[in-house]
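Those protein sequences? They're chains A and B, same order as listed. Heads up: the first sequence at position 3 corresponds to 2 in numbering that gives the first Met the number 0, and the numbers run straight through without jumps. Heads up: the second sequence at position 90 corresponds to 89 in numbering that gives the first Met the number 0, and the numbers run straight through without jumps.
Worth flagging that the hints you see were computed from the coordinates, not collected in a lab. Some clues are possibly wrong.
Said to hold, decoys possible - One side of the interface only, derived from the structure: several residues of chain A facing chain B at Cβ under 7 Å:
(1) Pro5
(2) Glu14
(3) Tyr35
(4) Val46
(5) His48
(6) Phe51
(7) Leu72
Every residue, glycine too, gets a C-beta built ideally from N, C-alpha and C.
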Amino acid sequence: MCLAIPGKVVRIYQEAGVSMGEVDYEGAVSRVCLEYVPEIRLGQYTVVHAGFALSILDEEEAQKTLELWRELLDKVEEIRPR
Amino acid sequence: MTRYVSEFRDPAIARRLCAEIKFLVTAPWVIMEVCGGQTHAIVRSGIDQALPPQVRLVHGPGCPVCVTPIEVIDQAIAIARRPETILCSFGDMLRVPGSHQDLITARAQGGDLRIVYSPLEALQIARENPGQQVVFLAIGFETTAPGNAMAVSLAAREGLDNFSLLVCHVLVPPAMRALLGAPDNRVQGYLAAGHVCTVTGLADYEAISRDYRVPIVVTGLEPNDILEGLVMVLRQLEAGEHRVENQYQRSVRPAGNPLAWGMVEKVFAVRDQKWRGIGLLPASGLGLREEFAAFDAARKFEVAAITPEESPLCISGLVLQGIKRPDECPAFGAGCRPEHPLGATMVSSEGACAAYFHYQRL
Ligand code: SF4
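Based on the provided sequences and hints, a complete structural model is requested.
Here you go:
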């Protein structure tokens, strides 16, 4: 129920007055309620718990994290005094 | 592998972050990861074994299946056995031991039990079966509460009178406070659960960090997220500082998801809640508000008076509080295995005992 990995929104539609979507996890597609992320667009990634999308993953923030790690990797030879 | 996953599992980065941890640690520290998803990532990727010996990770209570009280399982079984009911549940709950049996046995004996992935599926079953009472076993932390709140709100809007929830919702911050306040507490820093904070935001965590002078880093669920979260906690500990930091910026905004939490607050009110293995914690759960009492299965079916019986061998309460590791339980791997579990922590996909078993910490 909680081991959520991010999935990509591949379809957005309305069903009985509720905003729904399809989220793709490497080919496994599941139906997800999008009511809590009304501004989500096709192609964006979301964290889903128990059939509900809870956040839109922020591409810029993700890149910042990865960039920081790459910089760390470049510093690998550096030896700092204790 | 999917975007947002493989990039956060790069082994070269993981080794670099481990080196950073070794470099900055000068004293022994005990850090708890709160979320069961993080526990699994840690054990699966071997993070706990790659850390320097001064850094001890203890596993927290963040497994919703594990902390659901045994009497709720017993109540769910009692409801599932009634001829007029359909009990809907997440699949993780089926093999959790109740006092005398589990839900899957109740189904084999004729109970109508259906596995759903979303409370909206249970709602749909109620719409399609107007002659039956459909009960959804609504368990979980702040991550599942928004969906369950939505299901109740929709049922109320449609005037469905054959849909209800057997509610056992738990809240993370009160448990974090209880652990820090215990006389034998050893936890000096927290990795907080990224997905819970995605929903609720950071305000409660700021208060905990202030009150107990403890560093808290809100952390994602991929291995390198966890390692970076550890670097951030350890930097604070080594510098004698305590504040809330957000490692999981790509998902967690400081205010959380106000739409989702707003719906939770509309439908549910905070109440005292019992946690399996831990006991009653004040203001640590959610119950349906009075105006939604018609959707409360516990009132509808009067299932309150059940005397639960735990296995006397199981020490999962100590495991859930980070006091014992699963492999320190005498029953681990012997009397207790996933196919014959004595406690919920051996069943759930987020349980610490299951993590140790599946990744061969025998
Ligand atoms: S190994 Fe089994 S008996 Fe021991 S604490 Fe874990 S679930 Fe309980």
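Hints, verified against the model:
This hint holds: Pro5 of chain A has a C-beta 4 Å from the nearest C-beta of chain B, less than the 7 Å allowed. Hint status for Glu14 of chain A relative to chain B: violated, with the closest Cβ pair at about 9 Å, above 7 Å. Taking 7 Å as the C-beta cut-off, the interface hint given for Tyr35 of chain A holds, the closest approach to chain B being about 4 Å. Look at Val46 of chain A: its Cβ gets to within about 6 Å of chain B, closer than 7 Å, so that hint holds up.
Proximity of His48 of chain A to chain B holds as hinted, the smallest CB-CB distance being about 4 Å (cut-off 7 Å). With a least beta-carbon distance of about 4 Å to chain B, the hint placing Phe51 of chain A at the interface is held under the 7 Å criterion. This hint holds: Leu72 of chain A has a C-beta 5 Å from the nearest C-beta of chain B, less than the 7 Å allowed.
The structure shown violates just one earlier hint, number 2.
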